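Can you build the whole structure from these sequences, using the hints too?
Heads up: the sequence shown begins at 1 in the numbering used here, then just goes up one per residue.
Derived from the structure by calculation, the hints contain no laboratory data.
Computed from a predicted model, the values in this text were never measured in an experiment.
Ideal placement from N, C-alpha and C gives every residue a C-beta, glycine not left out.
Some clues are possibly wrong.
When the alpha-carbon atoms are kept at most 30 Å apart in a straight line, the in silico DSSO-like pairs for lysine-lysine are as follows [as the list claims (entries may be wrong)]:
hint : residue 1 : residue 2
1    : Lys119    : Lys85
2    : Lys20     : Lys37
3    : Lys145    : Lys120
4    : Lys140    : Lys37
5    : Lys117    : Lys37
6    : Lys20     : Lys5
7    : Lys85     : Lys120
8    : Lys109    : Lys120
9    : Lys85     : Lys115
10   : Lys37     : Lys5
11   : Lys109    : Lys37
12   : Lys120    : Lys37
13   : Lys37     : Lys116
14   : Lys20     : Lys119
15   : Lys20     : Lys109
16   : Lys20     : Lys120
17   : Lys115    : Lys20
18   : Lys37     : Lys85
19   : Lys85     : Lys116
20   : Lys116    : Lys140
21   : Lys109    : Lys85
22   : Lys119    : Lys109
23   : Lys5      : Lys85
Using C-beta positions, here's what the derived DEER-type ranges look like [what the hints assert, rightly or not]:
hint : residue 1 : residue 2 : range
24   : Arg126    : Ser10     : 39 to 49 Å
25   : Leu139    : Glu95     : 42 to 52 Å
26   : Ser28     : Gly71     : 41 to 51 Å
27   : Lys120    : Gly16     : 21 to 31 Å
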Amino acid sequence: DGPMKEYLVSLVNRYGLWEKVYFTGRISDEDLFALMKIAYVGVFPSRYEPFGIAILEAMASGLPVIVPNFGGPNEIIEHEVEGFKVSLYPHEIAERLLNLLNNPELRDKMSINAKKKIKKLYTWDRIARFTVGIYRSVLKEAARKEWKHLWET
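Dropping the structure here:
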């Protein structure tokens with residue numbers, strides 16, 4: 001659900017897609033992960049996504065992903081390794097989606113790569129160490145500036 005739901009429902013009506021489209025509304029995390037287990041691809045056509053937790057969740061579930069070639073999602077995946085980066089033109093998204101749906105070997109390869117990337121780069125331990133490093137660097141810089149004025153007098 002959201003501000004675009006009414007518009008999206010009108011598109012489904014206009015094109016007679018009720019047998020292909022289902023609006024779930026809000027679902028639990030448990031149901032979300034169950035749905036990801038039976039999906040083939042994660043498609044994230046958001047124009048305004050600063051990072052992309054949902055993309056990471058999809059990759060952790062073994063889904064190759066289709067993401068915008070700009071913004072935060074652009075930094076998460078390597079094009080043609082864990083999925084595809086696209087310019088968000090509908091024909092380009094459709095082409096990449098069909099490529100993955102019709103090519104199980106490519107899909108499986110990207111699925112393995114997606115899981116590997118998550119296990120390597122997005123562990124809680126690694127994120128915690130990275131965050132602590134940022135705090136240390138900020139504190140070090142603050143201390144340097146705090147004492148700098150003593151040397152300048």
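Checklist entry - Checking against the hints above, which ones are violated? => result 3, 4, 14, 16, 20, 26 and 27
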